[in-house]
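**Student:** Read off the chains here:
Number of protein chains: 2
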Amino acid sequence: MYKCNRKSLETNIKEFAKIGDDYKGGITRYALSKEDEKARDYFVKQMEEIGAIITYDDLANMYATLPGENPNLKSIVMASHCDSVKNGGNYDGILGVISAMEVLKTVVKENILHKHNLVAMIWTNEEGSLYPPAIMVSGMVCNQYLPENISKNYLYDNMMNSKSILDNKTTFKEALNNFKYKGVKDNRLSKEKYLAMFETHIEQGPILEANNNDVGVVTCVLGMVNYTIKAVGQANHAGTTPMSYRKDALYAMSKVIQIIHDELDKLPKDLVYTTGQVYVHPNVHTVIPDEVAIMIDIRHESKEVINQAVEVLKNLPKEVYGCQIEVEVNWTRDTVYFDKTLVNYVKQSAEQLGYKHQYINSGAGHDAQFASYMLPTTMIFAPSINGRSHCDEEFTPLEQCGKAIDVMLNAVLRCDKDN
Amino acid sequence: MYKCNRKSLETNIKEFAKIGDDYKGGITRYALSKEDEKARDYFVKQMEEIGAIITYDDLANMYATLPGENPNLKSIVMASHCDSVKNGGNYDGILGVISAMEVLKTVVKENILHKHNLVAMIWTNEEGSLYPPAIMVSGMVCNQYLPENISKNYLYDNMMNSKSILDNKTTFKEALNNFKYKGVKDNRLSKEKYLAMFETHIEQGPILEANNNDVGVVTCVLGMVNYTIKAVGQANHAGTTPMSYRKDALYAMSKVIQIIHDELDKLPKDLVYTTGQVYVHPNVHTVIPDEVAIMIDIRHESKEVINQAVEVLKNLPKEVYGCQIEVEVNWTRDTVYFDKTLVNYVKQSAEQLGYKHQYINSGAGHDAQFASYMLPTTMIFAPSINGRSHCDEEFTPLEQCGKAIDVMLNAVLRCDKDN
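Chains as they are written, first to last, in our numbering: chain A, 83 to 501; chain B, 83 to 501.
Honestly, the hints are just simulated from the structure, not real lab data.
Treat each hint with caution, since some may be false.
Which copy? The list can't say, so a pair holds if one copy fits it or any two copies do.
[To be verified] Keeping only pairs whose Cα atoms sit at most 30 Å apart, straight-line, the calculated BS3-like set for lysine-lysine is:
no., residue 1, residue 2
1, Lys351, Lys116
2, Lys312, Lys351
3, Lys156, Lys422
4, Lys348, Lys312
Sequences are here, hints too, so could you generate the full structure?
**Tutor:** In structure tokens:
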């Protein structure tokens, strides 16, 4: 069993953390920004040093390829992203890029024979934090393979016209045209040229740490539904309207949130649901709110459990404190199962390395979930201390990063050998 | 007993409703706008027709004066505002201006003798909907008479620099300097030159209608307190954080709102409280909120009842669903009682006219409340159908508008006679 070099890994984590450093412990590195360019420069420099061939496609996805012994075989790719959310951490995305780089470095340093090309890849704009939506570019590249309801949300033209949330003007297309690493469409990841994709990522949750495991063998990305729940009351003056005359949409919504928790908490404990986004109208302290809307995000592996949760929403009272309650679906997405053979390579790799591991699902979305519609794909998780992510406190100890990479390295070599 | 002319009143209500018409039943007439100017033009035209002398002060407050028989006596003023909120109604404020105009017209038409100058006045920027805050200019004019905690919020320089909510650039001062009716400070309403102020206004609540009364004899403007209540939890990923690990500030706040209602509803039924304004962070559907803040506005005549309500806030649990609950005062304002003699003039006037009336307090703030710190002041309310206000549906039947004006007319004449 091979292992990657911990010193090299440590240096890489530290160096990438400097590119977009927010000087509070984390980074801000928006897709297609100067910081993104510097991160890619650093990727290119290191990969060229080990003899990898650099290419990039029309969406600025980058590929560092170590040619295999048999040029007729498809490539095996290890991919993640180097962009971050605003004030994000030093591990989300970039650890997957570093992992791919460290695998290639180890292969070169240890002179490991491989039939297939081995590729370290960077996906553009996974976070979608400057140009929404998230997992944008994998949605474009894999578009024709996605289920219809998802693919229509990731149409090329719409995505190219996504506007910067900072100036509400600059489009993704404009930023792309000005970006150093915009290449040609022919270089894209494809079913024809690639055999399989692996992605190492931090868990972004507390489960591995709680179970004292070092590695997560990811089996699926959870299905999710997103609904809007609206309370409609009547706006009136805060000072002149007796309490008994009121139809207060915020008071009604606060009751609805209590009911949702009371009912959904009766379902299996691994169901997760979140009311993270709220709209209040007119949101003035002297006016009783006439409309309050929340978005609820519900995720679980089992479609049956998701359906039970949706039933709870549909069975909410139609009227609460004199306000009308309306429930409307925004989108639904089935659970995406990763390729069983690849999952097995990961599991066996962890076993043979003697690393404490477990099966786990991914509650978060990743490029790997869209890629898996196009070609065999799987993921490896490293623990997130305290489950924190998308913040300065995001952290994974060096040794656990190393173990996740070792697992990917040996799983990739097994994939190379078996195919 | 004198009565105003209903035809003239009807025409006036209809004509003012055209100035800033939003073609949905109501109006938008921001202070110092072109529409405000047109409304003032119309006021000037009509008042000049009856021989009133027009003056305006440095804050664009306007005065139409009918000289009394004794030039050595102080003036009696009837005042309100002609600006509106965005998509406001055809009665809030402007009915008070129309009332003052109709009183003067009746005095002229009926040749009623009066010792004191009688003045119809327009206050500038009562709503504060373009240049916050509300009741801005009366706060400036009466500033030195206000309690310290209020006066400091209405300091001249700060108010002059209030920025337009539309472009966040144009200041109140700039708009004032460009306004047709900016005059000199010497013309301001003052304790030295004015004996008393009357303001007719719509109730903006449902009480007069519910009690089948035509006129409200206003005794006070309710005291109020405004607090911020904050729930502080922890932001985490919506998909990766098991429910048992969460500190969801929105879930906690929904419980807090329930507790607030449960507890405050045990206090006297005429207490009113409103949680109209909400802040949610980061307000993203994939992130568990780590901070939710609401503003609560509590009003009652009795300081003791207000104190009981504040105790409820202070006794909220310090922790709810793992989130810290913080309570902080924003401002407090005692109940302002109107001048007993003037209130009595209004009451007797309604009695002698045989109009169904009642004592009522004002839950809303008005220029009269600040004026009352400077000189004897009172208000007369007309009913609001369904209690609606600040909206297209705002309505008071013509005859009830007329009755409120008749009451003011005879109260003013009594005030003229007795002083």
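**Student:** For each hint, tell me whether it holds in the structure or not.
**Tutor:** Hint check:
In this assembly of identical chains, the alpha carbons of Lys351 and Lys116 never lie at most 30 Å apart, being 43 Å within a copy and 61 Å across copies at closest. For a Cα distance limit of 30 Å, the shortest separation of Lys312 from Lys351 qualifies both inside one copy, at 26 Å, and across copies, at 28 Å. In the homo-oligomer, the alpha carbons of Lys156 and Lys422 lie at most 30 Å apart inside one protomer (19 Å), although the nearest pairing across protomers, at 94 Å, exceeds that limit. Taking identical chains as interchangeable, the C-alpha atoms of Lys348 and Lys312 lie at most 30 Å apart whether they share a chain (23 Å) or sit on different chains (28 Å).
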